[in-house]
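Student: One line per chain: the protein sequences are A and B, in this order.
Counting in full-length UniProt numbering, the first sequence tops out at residue 194, every number present.
Counting in full-length UniProt numbering, the second sequence tops out at residue 194, every number present.
Careful, some of the hints might be misleading.
To be verified - Negatives, chain A to chain B, calculated, CB over 12 Å:
#1 R12
#2 E25
#3 T67
#4 L71
#5 F74
#6 Q88
#7 V142
#8 H194
As the list claims (entries may be wrong) - Where chain B lies over chain A, by a calculated footprint (3+ residues, C-beta under 8 Å):
#9 32-45
#10 123-137
#11 169-178
#12 187-193
Calculated directly from the structure, the hints in this document are not laboratory data.
Think of the CB as a built atom: it goes at the ideal place given N, C-alpha and C, for glycine as much as any other residue.
Protein chains: 2
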Amino acid sequence: MDAESDKITSGRPRRADSIFTATLELLADSGYDGLTMEAVAARAGVNKTTLYRWWKSKDEVLAAALTDSDLLAFEVPDTGSLRGDLVQTSRHIHTLLTDPATAPIAAAVLAAGPRRPALVAVGRTFFADRAEREHPIFRRAVDRGELPEHADPRSIMDMLAGAIWFRLFLRAEELRDEDLCAAVDLVLDGAAAH
Amino acid sequence: MDAESDKITSGRPRRADSIFTATLELLADSGYDGLTMEAVAARAGVNKTTLYRWWKSKDEVLAAALTDSDLLAFEVPDTGSLRGDLVQTSRHIHTLLTDPATAPIAAAVLAAGPRRPALVAVGRTFFADRAEREHPIFRRAVDRGELPEHADPRSIMDMLAGAIWFRLFLRAEELRDEDLCAAVDLVLDGAAAH
C-alpha cells in the first residue's frame with residue numbers, strides 16, 4: 001500500500017471502517033490486553049505504518065473506534081416527546097449491550113475495569129461523546145416544558161443506563177421492552193407516592 | 001488441625017471469618033481466575049479438607065463470603081423515612097465501591113463479567129441476599145404511605161445502585177455526598193417538570 005492510497009477522506013484514513021471494525025472485534029475476542037496495534041493492522045489488512053500515521057497508540061484507535069465506528073452508531077431520536085426519546089435511547093443502549101455483534105465489546109470495556117487507567121480514559125471519551133449527542137433530547141424537553149430548566153441530563157442518563165447495565169451485567173437478568181418503558185417512567189415520574 | 005476444632009458454630013466453621021477474608025482478599029488480589037480452594041486454605045491457615053467439608057467449590061465459598069463476611073456486612077438503615085433510608089443505603093453502596101478495603105472486591109466481581117457463568121450465579125446470590133435485607137425499607141415506606149403499594153423495590157435499587165456503579169466505574173468520576181442525595185431525590189421525585 002503506497003502513501004497515496006492512504007489519502008485523507010474527511011479527516012480519517014480511507015480504510016477507517018475496516019480498522020475500527022478490526023479494533024472492536026479484537027477487543028471483543030481477546031479483551032483489552034489482547035488488543036495491539038500489530039493485531040489491528042493485520043486484521044484490518046493495512047500496514048502498521050498506516051495505522052501509526054493516524055493513531056499513536058491502541059488507546060487512540062480504540063477511542064476513535066468507539067465514537068466513530070458504524071457498529072456503535074447512535075441515531076439521536078426525535079419522537080416529539082422526552083418520554084419517547086428516552087425509551088428509544090434505552091432501547092439503543094439495551095441493544096448495544098445484548099446484540100451478539102456489540103455485547104462482547106461492552107463486556108470487554110466493563111471487564112477491563114478501573115484498574116486500567118488508559119481504558120478508563122477511553123471510556124470517558126466515549127461517554128462524553130454520547131452525552132454530547134444526547135444533548136438535543138434534553139434541550140428540546142426543556143423547550144417543551146417537559147423538564148425544568150435545572151434538570152441534569154447526566155444524572156438522568158446515569159440512572160437509565162446504570163439500571164440497564166446493572167440488570168443485565170450484575171443481576172444477569174433479561175430486560176423486556178416493558179421493563180425499559182417502566183424504567184423511563186420511573187426516572188421521569190419518580191417512585192414516591194404522589 | 002483435628003476434626004474437633006472444626007465443630008459447627010451456628011452452621012459454619014469456627015474459622016469462617018478467616019476463610020471469608022482470605023477468599024475476598026484473593027479475589028481482590030488475583031481476580032476470579034486466581035481464586036482457588038488451595039489458595040484460600042493456605043491464606044486462611046486451614047486444611048483443604050476443612051474447607052471442602054463446608055464448601056464444594058470456590059464458587060460456594062465465594063458466595064458465602066459475599067453474603068456472610070464481616071467486611072461486606074450491611075446494616076439495614078431505619079431512619080424513619082424512605083428518603084433517609086435510601087440515602088444511607090446509597091452511602092453504603094458508595095463506600096463498598098470506593099473504600100480501599102472493599103473496592104478491589106467489587107472491581108474483581110465486575111471484571112469477571114458475563115463470560116463466567118459461575119461468577120454470575122454467585123453475583124445473583126449476593127444481590128438476592130441484599131434485596132431480601134433491603135426489603136423492610138420498602139415495606140415500611142408503603143406502610144407510611146411514602147410509596148404506592150405497587151412500587152417495585154428492585155427497579156428503585158437498580159436505578160440507585162446502577163447510577164452509582166455507572167458514575168464510578170464507567171464514567172470513572174467521583175460522587176460527593178450531595179450527588180448521592182440528589183440521586184435519591186431523582187428516583188423518588190422524578191426528573192419531569194411537575
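Student: Hints first: check each against the structure and report whether it holds.
Tutor: Right, here's what the structure says about each hint:
no.: 1; hint: R12; result: 26 Å, holds
no.: 2; hint: E25; result: 16 Å, holds
no.: 3; hint: T67; result: 15 Å, holds
no.: 4; hint: L71; result: 19 Å, holds
no.: 5; hint: F74; result: 16 Å, holds
no.: 6; hint: Q88; result: 17 Å, holds
no.: 7; hint: V142; result: 9 Å, violated
no.: 8; hint: H194; result: 8 Å, violated
no.: 9; hint: 32-45; result: violated (count 0)
no.: 10; hint: 123-137; result: holds (count 3)
no.: 11; hint: 169-178; result: holds (count 4)
no.: 12; hint: 187-193; result: holds (count 7)
In terms of the numbered hints stated before, the structure departs from hints 7, 8 and 9, listed from lowest to highest.
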